[in-house]
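J.: Here is what each chain is made of, one letter per residue.
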Amino acid sequence: MKKSQIKIGESIAVLMIFFVLVVIGIVFWSRYSQVQMKGQQEMDLQSMAIKVAQTVTFLSELQCSTLEVIQFSCFDLYKIEAMKDLLMTLPEKNRTSYYFDIFGFSNITIYSIYPDEKSWNIYDFPGGNITGYVSTQVPVSILDPVNNVFSFGYIDVKLYTRRL
Amino acid sequence: MKKAQTEMLGIAIVVILVSLGILFIVTNALRSSGQQSQKREFSEKQLAANILGSILQTSTNCSNDKISTLLIDCGKNVVRFCGGETIQGVYIEQTDVCSYLGETIDLMLNSTLKKWNKKYQFVAYVDPFSPKINITHRINECLGGTGTGLQYIQKDSYYIPLYPGTMTVELALCS
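If you read the sequences in order, they're chains A and B. Mind the numbering: the first sequence is residues 119 to 282 in the numbering used here, read in order. Mind the numbering: the second sequence is residues 258 to 432 in the numbering used here, read in order.
The shape of chain A in the complex, shown without the other chains:
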């Protein structure tokens, strides 16, 4: 073998090693990006669930108010029952036409824990192709204004994840 042939062989080997390294880099980078994207997606869903939960907490349809003074982190028992009855008796098309912009594909349930155990599912719109859900809870007080009794409870917001 001539010296020039050896040099060409050497250059080819160097180039091959270089390209192998580049391919390994690309594979590693794509895997890493995939994991990062999944994490980011989960974080965004978590943020969305928190946003929906916060929106529900400040919903005037549910908040306790006395002489137009709103009580923070408190729901009126009769407003909850009225909203539940209204939303669950409406046809799905009408139900989602207004609240879909605020709640999206989610399930919102209010739980009373103490002194009585009770729950109200006020909104549920899974859409289709559900792959799972992200859940967020916010503790609240539930006021029975007739008997002036405050119950301890929480809102559970399940944000559905869907296959596009």
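Treat the hints with caution; some may be incorrect.
Stated by the list, open to error - Once the Cα atoms are required to be at most 30 Å apart in a straight line, the calculated DSS-like pairs of lysine-lysine come out as:
hint	chain 1	residue 1	chain 2	residue 2
1	B	K302	A	K276
2	B	K371	A	K121
3	A	K156	B	K302
4	B	K260	A	K276
5	B	K323	B	K259
6	A	K120	B	K260
7	A	K125	B	K259
8	B	K372	A	K202
Stated by the list, open to error - From the derived model, a few chain A residues whose C-beta atoms are all more than 12 Å from chain B:
hint	residue
9	M119
10	S122
11	G127
12	W147
13	K197
14	P209
15	Y232
16	N247
17	Y278
18	R280
Derived by calculation from the structure, the hints in this document are not laboratory data. Note that beta-carbon positions come from the ideal geometry of N, C-alpha and C, so glycine has one too.
Take the given structure of chain A and dock chain B to it, following the hints.
T.: Then chain B, alone, in the frame of chain A:
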């Protein structure tokens, strides 16, 4: 330039490229985990504040008094008995107000924070060395101090004036 020098230059370039790649990945990973823990920390602080606020204004079956009112009686060592009721299948015996509060608050925290896999400590005290109520659930697994991260304790406190003295109510939690 001699052949050896050229090869050295080649190796140096490869080393620099690999180092830059590693640096980029590490920076990216640190930044994203930092953002995530900040968000979680914020929501946990909110959770501690919300849960404490809701607990304090809850009405009990003890003369329909709120928990904050019973805490005042507990702090002032008022002789008062509550209980003798079954809540969520748990019988709470008739007992002094501080023990009644302990059992009731424990029931509430069991149905929320414990169910959501949080580690917590609820304390109510006038004198921090002898707390009137102390409810804990795996709090010793949390890290103290003021660092950032999910395993660090997030705390919220309420102060109830007793005239004289103050009842401090604290809820500490971590994930």
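J.: With reference to the structure, classify each hint as holding or not holding.
T.: Hints, one by one, checked against the model:
no. : hint             : in the structure
1   : B:K302 to A:K276 : 21 Å, holds
2   : B:K371 to A:K121 : 76 Å, violated
3   : A:K156 to B:K302 : 26 Å, holds
4   : B:K260 to A:K276 : 66 Å, violated
5   : B:K323 to B:K259 : 88 Å, violated
6   : A:K120 to B:K260 : 19 Å, holds
7   : A:K125 to B:K259 : 16 Å, holds
8   : B:K372 to A:K202 : 25 Å, holds
9   : M119             : 19 Å, holds
10  : S122             : 15 Å, holds
11  : G127             : 16 Å, holds
12  : W147             : 8 Å, violated
13  : K197             : 17 Å, holds
14  : P209             : 35 Å, holds
15  : Y232             : 5 Å, violated
16  : N247             : 27 Å, holds
17  : Y278             : 19 Å, holds
18  : R280             : 22 Å, holds
Hints 2, 4, 5, 12 and 15 from the list above are not met by this structure, while the remaining hints are.
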